[in-house]
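Sequence order for the protein chains is Z and H. Here numbering that gives the first Met the number 0 is used: the first residue of the first sequence is 0, the next is one more, and so on. Here numbering that gives the first Met the number 0 is used: the first residue of the second sequence is 0, the next is one more, and so on.
It cannot be assumed that every hint is accurate.
[Claimed, not checked] In the DMTMM-like style, the derived pairs of lysine to aspartate or glutamate whose C-alpha atoms are separated by at most 25 Å in a straight line are:
#, chain 1, residue 1, chain 2, residue 2
1, Z, 358, H, 162
2, H, 287, Z, 90
3, Z, 387, H, 162
4, Z, 358, H, 156
5, Z, 396, H, 156
6, Z, 367, H, 267
7, Z, 367, H, 81
8, Z, 135, Z, 221
9, H, 289, Z, 334
10, Z, 387, Z, 334
11, H, 70, H, 344
12, Z, 321, Z, 341
13, Z, 358, H, 81
14, H, 289, Z, 85
15, H, 349, H, 5
16, H, 287, Z, 91
17, H, 289, Z, 91
18, Z, 396, H, 266
Because the hints were derived from the structure by calculation, they are not lab data.
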Amino acid sequence: MTKVVVVGAGPAGMAASWQSARSGAEVTLLDANPRAGGQIWRHTGASPVPPKIRVWLKRLEHPHINLRFGCSVIDIQDPILKVHSEAGGLEEVSFDQLILAPGAQELLIPFPGWTLPNVMGAGGALALVKGGMPVKGLRILVAGSGPLLFAVAGNLAKAGAKIIGIAEQATWWSLVKFGMGTTLLNPAKLWEGVGYARHYLPSPFFPGTWIMEAQGDSQVREITLTNGSRRRTFECDLVACGYGLVPSSSLAELAGCHQENNLTVADRFQRTSVENIFCAGEITGIGGVELAITEGEIAGLAASGSETRAGAYVTRLKKQRKFSRLLNRSFSLRDQLKNMPDENTIICRCEDITYGQLKRLEDQCSAKLYTRSGMGPCQGRMCANALKFLLGWELNKVRPPIFPARIGDLISKSIGNGSA
Amino acid sequence: MTPKYDAIVIGAGIVGAACARELHQAGMNVVALDAFKVGCGTTGGSMGHVVVMDDSDAQLHLTSLSRDLWKNLAEEHAEAVEYNPCGTIWVAADEEEMEAVHSKARNYLDHDISVQVLDASSLYSLEPNLREDLKGGLRVVDDCVIYPPYSSRLLLEGIELRENSRVTRILPHQIQLEDGTTLESDIVINACGAAAPQITPELPIQPRKGHLVITDRYPEFCRHQLVELGYLKSAHKMEKESVAFNIQPRLSGQYLVGSSREFAGWDDGVNRSVLGRMLSRACHYMPKLKDLMALRSWTGFRPATPDKLPLIGQWPQVAGLYIAAGHEGLGITSSLGTARLLADEILGRKPAIDPAPYRATRILENPPE
Ligand SMILES: Cc1cc2nc3c(=O)[nH]c(=O)nc-3n(C[C@H](O)[C@H](O)[C@H](O)COP(=O)(O)OP(=O)(O)OC[C@H]3O[C@@H](n4cnc5c(N)ncnc54)[C@H](O)[C@@H]3O)c2cc1C
Ligand SMILES: Cc1cc2nc3c(=O)[nH]c(=O)nc-3n(C[C@H](O)[C@H](O)[C@H](O)COP(=O)(O)OP(=O)(O)OC[C@H]3O[C@@H](n4cnc5c(N)ncnc54)[C@H](O)[C@@H]3O)c2cc1C
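I would like the entire structure built from these sequences, with the hints used as guidance.
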C-alpha cells in the first residue's frame, strides 16, 4: 500500500487525506494543532460545528487515515519527516508520497504602538475567541486587508464584542470590482465571512483606511486611522489586524521544492518539482477555502496513483484560480503602508531592533549580521515577512529545525555519545 | 582615471578587515573590497572564541600575540564587539586527558599565559551542568569571546569599503572586478578565506565545513567557553568527519553549540547525521543540554591548509600580491596577529614574532603532495 503522509489538517490537508485514503493509500495526517480544521475551520470540539465542516470531519474517520494531532514537523529529508509530538518527543515518519498543506501565516505590519498588549493578529484574535477568550463588551477595531477581516469581525461580534470599525486598506473601487467579480465567478458564497454578515453589517466600514498608531499604557486605549490625508482616533480595548496572508513555505523550501515569489510551484496534479512531494492549499497561493479543498482533492488523488480521476476537477480549479487572482489583485497592498512603522517602531521583537536601525541596511543578511534582527527565539518568523513587504528584502535561507526544537530531539536515536 | 590606492584588500571578513585597519593605521590609503558584504563569509557563521592554542609553537605564538591585541581592542570597544571575558575551560574526560592538562599548563605558563588547573570538584563547581564523572580541566583565564560580524565592522571604521564588488583576477599591481573595471595599487592582499584559491589558484586552501546550533536564552547555564580536550584531536586529524564538544555562552544568554569538521566541498546544507553526532557529543558532556531549545542550525567553511597554519605574506608569483588567508578554525583569533605580521612585512618593520612559519611561500618550497 502506498504510504501517503499529509502535513497540515486544514481544508487542503483534510481533502487530500480523504481522497488518498479513498484511493487505497495508507494515510497519516499530521498537524501541530489539537484538532483538524486549520485556520478557518478551527473549532474547540465543544460547541457544535457548522454542517460543512462536520462533513469533512466525518470523512477523516476513514479507516485508512491515521490522525496525529499535536505533531509539528520540524525537519524534512526525503523520505523522512522529523516530527515532534507533545506526547512522545521526536519521531521519524517516513513516506512514499508526501502532501504539504501547511497553509499560511498572517502578515503583520508593525506600526507605532503595535507591541502594546491587546494589539494582536486578526487570525490570532479569531483563534483566541474560538478558544474561549471572553470579549463580551470589548470595543474592538479590526484592521488590515482581505475578506478575512469580515470573518474575524463576524466571529468577534458573535462572541459579544462591539466592533467599532473595520478598516480595509483597499479602495472602494477595488472592493466594488471584487464584489462584482465574486458574484460573477461564484454565485455561492465563496468566503464564509459572508455568513457572518448579520453580525458585522452594523459595524462601520472604512475602506481605503489603515492604522497609523496605537496609544495606551498597560494596554491599547486608542487607535488612530488614516486614509493618507485625514486621520481619526477612536477609543478601543483591542485591535485585531492582519494585512493578508503569507504562505508557510519553509518545509517545502527545505525539501527543495521549487519556489517562485515565495509560492510553491506545482503542476496540474499539484506535484512540486520534487517527484514524490505534492502541495495544496495556501502554500501554492492565497485563494480561499474552496480552492484549498480542490487542490487538496487533486493532490490526494495524484499522490495515491489516481491521477486520471483528478482530471474531473479541472474546470472547478480554473474558476477558483481565477477567483484567487481577483482576490490577490483586489487586496494588493498599497505602497503607503510601507510608511506604517516610524523610526522608533520595533520590528524585531525578540531583539528589540527598530525600523530606523533596519532601513539603513541593505538586506536580510546584513540585518542579521549587524543588528541580530531575526536571530532571537522566533528566528525571524515574525519580522522577516514584514521586512520583505516594507523593504523588499528576500527571506533568509531556511535551516532546520523550522520550529525551535529540544536539542535532545535533534539527535537520532541510533547515535551513541558521538565519539568519532 | 582609475583611483590609485596604497593597498587593496580583497575580502572583508575578519582577516581582511584586520589587515585593512593595520595598514590604514600606518597611514596608507586603503580600500577593502568584498564580493558580498562585511563578515558575510566564514566570519559571519563562526563562534568568535578568541583562544590561545598550542598545537605547535608557531600556533601558540600567533594566537597569543593575537589574543593580546584582541584584549586591548575589546576592552576599549567592549560594547561594539560584544566582548565577553569568559575564559576557556578545556575539559578532561579521562586520566590521559588530565595528563594533557598538566603538560598544556606547563607549556602555557612557560609562555606567560595564565592558566589554572582544575580538579574534578573545582571544575564541577565552576560548571555544574557538566557531567559528574569528568576528571578536571584547564582554565585559560584571559581567553574571551567577541561577536565576529560586529568586530569586522568596527575594524573597518574609517576605511573605504566597496561591497558587492567581486574580484575576478589579480594581475601585477592591479585587480579586475566582475563589472570589468580595474583598480591599481602597489599592494594587493588576497584575504578571501576559503575562497582565496579562486583568485590565486596555487593556494592549497580547502573549505572545511562546520556546523553550529544556537539555543534560546538560558542565563547561567554555562559561564565559560567549554571545549573538550579531545577537540585537539578532532581539529588535528585530517579525517573526513569529526565532532567535538564545544559550547559558548553569548551575552544574550544564548549558547552556540559546536563543533564539527568535514570535507564536503562547498555544499552548505545541514548534514543531519553530522549535526546529530555533534549534538550528541555535546550532550555527552553536558547532559542537561538535551532540554535546551535549539533555535536554528547553520554551517560555515573554515579555510583549511595542509599544515594547519595560515598563509601570511608576499606571494612572489604576482608582483605586489600578498596573502592573508587559510586560518582554518582560528581566523577570528589570529586575524589581528596576522594583520600585524603582514603590515610589519609590507612596511619593513621589525616583526612582532618570527614570521617564518606562516610565510605563504613555504608552500612553494614544500608543495603539498
Ligand atoms: C483569520 C482568517 C480568516 C479567514 N477567513 C476566511 C473565510 O472567511 N473564507 C475563506 O475562504 N478563507 C478564509 N481564510 C483563508 C483560509 O484560512 C484558507 O483559505 C484555508 O484555511 C486554507 O487552508 P489550508 O489547508 O491551505 O491551510 P490552513 O487552514 O492554514 O491549515 C494549515 C494547517 O497546517 C498546520 N501546519 C502548518 N505547518 C505545520 C507543521 N510544520 N507541522 C504540523 N502542522 C503544520 C497548521 O497547524 C494548520 O492547521 C481565512 C484565514 C484567516 C487567517
Ligand atoms: C563553525 C565555525 C566556528 C568557528 N569558530 C571560531 C572561533 O570560535 N574562533 C576562531 O578564532 N575562529 C573560528 N572559526 C574560524 C574563523 O571563522 C575563520 O578562520 C575566519 O572567519 C576566516 O576569516 P577570513 O576573513 O579569512 O574569511 P571570510 O570570513 O570567509 O572572509 C572572506 C571574504 O572574502 C570575500 N570574497 C571571497 N571571494 C572574493 C572575491 N573574489 N572578491 C571579493 N571578495 C571575495 C567573501 O565574500 C568574504 O566576505 C570558526 C569557523 C567555523 C566554520
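These are the hints, each one checked on the structure:
1. Z:358 x H:162: 17 Å, holds
2. H:287 x Z:90: Holds: residue 287 of chain H and residue 90 of chain Z sit about 20 Å apart, inside 25 Å.
3. Z:387 x H:162: Judged against 25 Å, a Cα distance of about 21 Å means the pair holds.
4. Z:358 x H:156: This hinted pair holds, its Cα atoms lying about 20 Å apart.
5. Z:396 x H:156: Since the Cα atoms of residue 396 of chain Z and residue 156 of chain H sit roughly 29 Å apart, the hinted pair is violated (cutoff 25 Å).
6. Z:367 x H:267: OK: residue 367 of chain Z and residue 267 of chain H at ~18 Å, within 25 Å.
7. Z:367 x H:81: 15 Å, holds
8. Z:135 x Z:221: It holds: about 18 Å lies between the C-alpha atoms, which stays within 25 Å.
9. H:289 x Z:334: 46 Å, violated
10. Z:387 x Z:334: 13 Å, holds
11. H:70 x H:344: At roughly 23 Å apart (the allowed maximum being 25 Å), residue 344 of chain H and residue 70 of chain H satisfy the hint.
12. Z:321 x Z:341: With a Cα-Cα distance of about 37 Å, the restraint between residue 321 of chain Z and residue 341 of chain Z is violated, given a limit of 25 Å.
13. Z:358 x H:81: 22 Å, holds
14. H:289 x Z:85: 16 Å, holds
15. H:349 x H:5: 20 Å, holds
16. H:287 x Z:91: Between residue 287 of chain H and residue 91 of chain Z the Cα gap is close to 23 Å, so the pair holds against 25 Å.
17. H:289 x Z:91: 18 Å, holds
18. Z:396 x H:266: 14 Å, holds
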